[in-house]
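Visitor: Protein chains in written order, with this note's numbering: chain A, 1 to 64; chain B, 65 to 1013.
Treat the hints as calculated values from the structure; they're not laboratory data. In this text, a Cβ means the ideal position worked out from N, Cα and C, and glycines have one as well. Errors might be hidden in some of the hints.
As the list claims (entries may be wrong) - If you want a taste of the chain B side facing chain A, the calculated C-beta under 7 Å gives, among others:
no.	residue
1	Tyr-172
2	Leu-297
3	His-653
4	Val-676
5	Pro-677
6	Leu-678
7	Glu-681
8	Gly-683
9	Glu-963
As the list claims (entries may be wrong) - Take a look, some chain A residues computed to stay more than 12 Å from chain B by CB distance:
no.	residue
10	Ala-2
11	Asn-3
12	Ala-10
13	Glu-12
14	Pro-13
15	Ala-18
16	Ala-20
17	Leu-26
18	Gly-37
19	Arg-43
20	Arg-55
21	Glu-63
Below, each chain spelled out in residue letters.
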Amino acid sequence: MANDIARYFASEPDHAEAVAGIGTHLRRFWEPRMRAGLIAHWRATGGEDLHELAREAVARLAEG
Amino acid sequence: MLSIAENDRGTPAVKTTATVTLEIDGRQVTVPEGTSVMRAAAENGTAIPKLCATEMLDAFGSCRLCLVEIEGRKGYPASCTTPAAAGMKVRTQTPALGRLRRNVMELYISDHPLDCLTCPTNGHCELQDMAGAVGLREVRYGYDGANHRDAVKDASNPYFTFDPSKCIVCSRCVRACDEVQGTFALTIQGRGFGSSVSAGQNESFLGSECVSCGACVQACPTATLTENSLIALGQAQRSVVTTCAYCGVGCSFRAEMKGEELVRMVPNLDGQANHGHSCVKGRFALGYATHRDRITTPMIRRRIDEAWQPVSWETAINHVAAEFRRIQAAHGRHSVGGITSSRCTNEETYLVQKLVRAALGTNNVDTCARVCHSPTGYGLKQTLGESAGTQDFDSVMQADVVLVIGANPTDGHPVFASRLKQRLRQGARLIVIDPRRIDLVRAPHVQAAHHLKLRPGTNVAVLNALAHVIVTEGLVDDAFVAARCEAPAFAKWRTFVAQERNSPETLQAETGVDAAELRAAARLYATGGNAAIYYGLGVTEHSQGSTAVMAIANLAMATGNLGRVGVGVNPLRGQNNVQGSCDMGSFPHEFPGYRHVSDTAVRQSFETAWGVPLHDEPGLRIPNMFEAALDGSFKGLYIEGEDIAQSDPNTLHVTAALSAMECVVVQDLFLNETAKYAHVFLPGSSFLEKDGTFTNAERRISRVRKVMAPKAGYADWEITQLIAQALGYPMRYTHPSQIMDEIAALTPTFAGVSFDRLERLGSIQWPCNDAQPEGTPTMHVGAFVRGKGKFMLTEYVPTAEKVTARFPLLLTTGRILSQYNVGAQTRRTPNVLWHDEDRLDLHPHDAEERGIRDGDWVGVESRAGDTVLRARISDRLQPGVVYTTFHFPGSGANVVTTENSDWATNCPEYKVTAVQLTRVSQPSDWQRRHQAFTETQLELLGAARAAAD
Chain A
1 MANDIARYFA SEPDHAEAVA GIGTHLRRFW EPRMRAGLIA HWRATGGEDL HELAREAVAR
61 LAEG
Chain B
65 MLSIAENDRG TPAVKTTATV TLEIDGRQVT VPEGTSVMRA AAENGTAIPK LCATEMLDAF
125 GSCRLCLVEI EGRKGYPASC TTPAAAGMKV RTQTPALGRL RRNVMELYIS DHPLDCLTCP
185 TNGHCELQDM AGAVGLREVR YGYDGANHRD AVKDASNPYF TFDPSKCIVC SRCVRACDEV
245 QGTFALTIQG RGFGSSVSAG QNESFLGSEC VSCGACVQAC PTATLTENSL IALGQAQRSV
305 VTTCAYCGVG CSFRAEMKGE ELVRMVPNLD GQANHGHSCV KGRFALGYAT HRDRITTPMI
365 RRRIDEAWQP VSWETAINHV AAEFRRIQAA HGRHSVGGIT SSRCTNEETY LVQKLVRAAL
425 GTNNVDTCAR VCHSPTGYGL KQTLGESAGT QDFDSVMQAD VVLVIGANPT DGHPVFASRL
485 KQRLRQGARL IVIDPRRIDL VRAPHVQAAH HLKLRPGTNV AVLNALAHVI VTEGLVDDAF
545 VAARCEAPAF AKWRTFVAQE RNSPETLQAE TGVDAAELRA AARLYATGGN AAIYYGLGVT
605 EHSQGSTAVM AIANLAMATG NLGRVGVGVN PLRGQNNVQG SCDMGSFPHE FPGYRHVSDT
665 AVRQSFETAW GVPLHDEPGL RIPNMFEAAL DGSFKGLYIE GEDIAQSDPN TLHVTAALSA
725 MECVVVQDLF LNETAKYAHV FLPGSSFLEK DGTFTNAERR ISRVRKVMAP KAGYADWEIT
785 QLIAQALGYP MRYTHPSQIM DEIAALTPTF AGVSFDRLER LGSIQWPCND AQPEGTPTMH
845 VGAFVRGKGK FMLTEYVPTA EKVTARFPLL LTTGRILSQY NVGAQTRRTP NVLWHDEDRL
905 DLHPHDAEER GIRDGDWVGV ESRAGDTVLR ARISDRLQPG VVYTTFHFPG SGANVVTTEN
965 SDWATNCPEY KVTAVQLTRV SQPSDWQRRH QAFTETQLEL LGAARAAAD
């Protein structure tokens, strides 16, 4: 699902805007335990199987 | 027969500000220019005798009963076909007119049965009324001449009887079928005395093309076409205006009652969504409300393999509260949640989300819009600023080009389809974008200018290609875009869609749509005048559903087709109150009025009103609830009026999740598929049994009025309130109007809505506030709700659901006219005569390749599961695409659909599932297990009902 979101934002030419868009979407629409699960996956694997943009967005989410 | 409460004025109203003043029987009357003399008289209290005229239909001038005298004119013109003119002096009653009318009536009555006392329309028969009005005292011709009194009745239709012996050949039925419904199923066959009404080519009504909309029955001035319920029950005593509980058109009806018994539903001539028209479901399919399957006693059980125990309301409600508190104590407050219903009223939906947020302290509340129009909410909010369609239905009558994408209005929204077909017959051009050849592509007197028969899953590619043509061929409405839209976002979008990879030629191989045809469609949409887009679940139920909605809004903004009548972006909502359930804060991230839970000011307003602190994080969506149930963190679910075990994708996954929960509470009319996995059953009420409001696809809020007492004792809003009280949270409403008052106080778009105002105006389209005290038929006039419209990038991302050698076909799903969604209501009516099973439609080429013949049992296997359906070979499909409906639980359509979903909203990708077909001779394993499980559950229910009796 996070990858699907990332693939939507991938057409955004401004990289920073794309990453921010993914993060905003996750914050506004994902329930906290889902976000926590995604962050845990990122922490455990470095974001294995995550789209590059999603990985960056999750990293920022993890930073709070 | 017309409604007992309506006074027909003979010819349609004329909408114009110009007026004319004339004299009728010595009185000065002023009417809109173009009004007939008949209507001018009727509006001023003078009823001119008539038989072939009704205000639902254009004047016909055949019965010769409405003749009048006009000073300075020769002869006796028909008042129905004569327009009122300034200075005209009309006399409606003179000795000469009296003689002429009596002569006409004598001829009619000489060939009409004189059985008024036993006739079902006795007392409401227009022929009978006219005989009295003209003073008929004798029939000089006698009754023994040639006549039609032995003509044979046609009782083939389950809902009405055609008795040709009573027909006066006024053609009202034929004209209603043509003008109002647009099916052209009826005709007058023969000539002169031999003229008679015929369904199709002299077929039975059931065997003909008749769609049982009821327009002919309503139009009939005698008892020739009469509802079987009226024949069986006799005349109604009272009429109550209410709103249909089927699709999102939200037709207004008069429920005609005899005590607490519903005699018939008659479409309301004053209904602002339907203008007196109806379809087979809303008009006739009401038997479910009193069906023997209805459960009227609360029931509980500890496990789903135990017998149900009938209990009192108090016991059931206390049990629910105790279980939810126990679960929250053990697993945390976010281990429970609720699902609101798009079939229930706004007030009931509002209360369920309030219960979840305020009494249970979590935002785990969602609604079935999750699986249908959640992408509409997201996409239109992002682009235009409001999660709703932009027009009223009447707007289509001023459209010059209509683009229908991913919708099948003749089946899903039939009353709107009739309006659309009226406009198309007047000359508007039609573009259809759909994988199937839906009826609108070629119907009587309707033919689409372009049918873009795309491959399922390529909506966004096609929409981008349309935009590419508009941008690269200089068809953008630059002035509109410059004035109304964000310039940087438009510049970015224009660069994006102009890229060659978005051209029709490049995308042709992917979409299957001929590039030249697509270019022609784009040019027509951009340059054909007022252009309106209507779309349905064929747009939203995709992995890119939200992207497609935004692409549609982009097209409308780029061509300046927003902010006035005749244009717009119009989502056709599936269920009666999908719009309302979304408006009422059913989504886990939004309070009523689409305001995010993290918005501190908004949240504080609800905290103040509700007296408790509220959570500021989004809750679980329905698919997330299933995942959480399976991982053990979600244990209790209150479901009001939804059947997620049948309607949601990947049935095995859903039922596994339900089975993993400790307390599933189902509030419904029947033991639906979900209730078979429930621990508590709370018997709900039908729309006939409660007060409230529904909001239709055009944002129109209409009253639902109670016409009979709730069968189980409580309306649904009362049940929710009882649960809240048992949880220790005070709710003390005594009438749904008080709930609406609270909604209005907390929701700016509803600020001016009240039951009193609805009573006065009939209905209200939100936003309704001080600026728009009577509502807003057309949105975004002058400016978008968000200020400037925002073009969004809409990259086409092909679905992950790919065809392969193992799954070489694409399955797409939809619904049919006679059945409604999961079928809980319509399967319990005679509508099964038209559709008693879900069939699998496939192209002759695909059938031949697999040795499949029409009617064969076919195994349908996907990556998610397999089921068996009977085949129907149809050239509506393109090779490589198969189709089924999902109205019968045993069909297992959703055993096959996958969990792929829209990236933004989780709306399932029902419309694209890769499958393989094989001829088989027996049901699937799932179907056998489902049958056995159902039999067990019905036995467990039967024991409880026997105990309750």
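Visitor: Hey, is Arg-43 of chain A genuinely clear of chain B, shortest beta carbon separation above 12 Å?
Guide: Arg-43 of chain A is indeed farther than 12 Å from all Cβ atoms of chain B, at 18 Å.
Visitor: Would you say Ala-20 of chain A is clear of chain B, with no C-beta pair closer than or equal to 12 Å?
Guide: holds, 14 Å
Visitor: Identify whether the interface hint at Leu-297 of chain B stands, where standing means a beta carbon of chain A within less than 7 Å of its own.
Guide: For Leu-297 of chain B, the interface hint is violated, since the closest Cβ of chain A sits about 51 Å away, which is over 7 Å.
Visitor: Take a quick look at Asn-3 of chain A and tell me if its Cβ sits farther than 12 Å from every Cβ on chain B, holds or violated.
Guide: Check fails; 9 Å does not lie beyond 12 Å.
Visitor: Is the nearest CB of chain B more than 12 Å from the CB of Leu-26 of chain A?
Guide: violated, 10 Å
Visitor: Under the criterion of a CB-CB separation shorter than 7 Å, is Glu-681 of chain B in contact with chain A as hinted?
Guide: With a closest approach of 5 Å, the Glu-681 of chain B hint holds.
Visitor: For Pro-13 of chain A, which was marked as not at the interface, is the minimum beta-carbon distance to chain B over 12 Å?
Guide: violated, 7 Å
Visitor: Just checking, Glu-12 of chain A versus chain B, shortest CB gap more than 12 Å?
Guide: violated, 6 Å
Visitor: Quick one, is the Tyr-172 of chain B hint okay against chain A at 7 Å, beta carbons?
Guide: With a minimum Cβ separation of about 67 Å from chain A (threshold 7 Å), the hint on Tyr-172 of chain B is violated.
Visitor: Would the hint on His-653 of chain B stand, with a C-beta cut-off of 7 Å toward chain A?
Guide: holds, 6 Å
Visitor: Is it the case that Ala-18 of chain A keeps its Cβ farther than 12 Å from each residue Cβ in chain B?
Guide: Given a closest Cβ separation of 10 Å, the condition is violated.
Visitor: Does the CB of Leu-678 of chain B sit less than 7 Å away from some CB of chain A?
Guide: Since the shortest Cβ distance to chain A is 15 Å, the answer is violated.
Checked against the numbered hints above, the structure breaks hints 1, 2, 4, 5, 6, 9, 10, 11, 12, 13, 14, 15, 17 and 18 and satisfies the rest.
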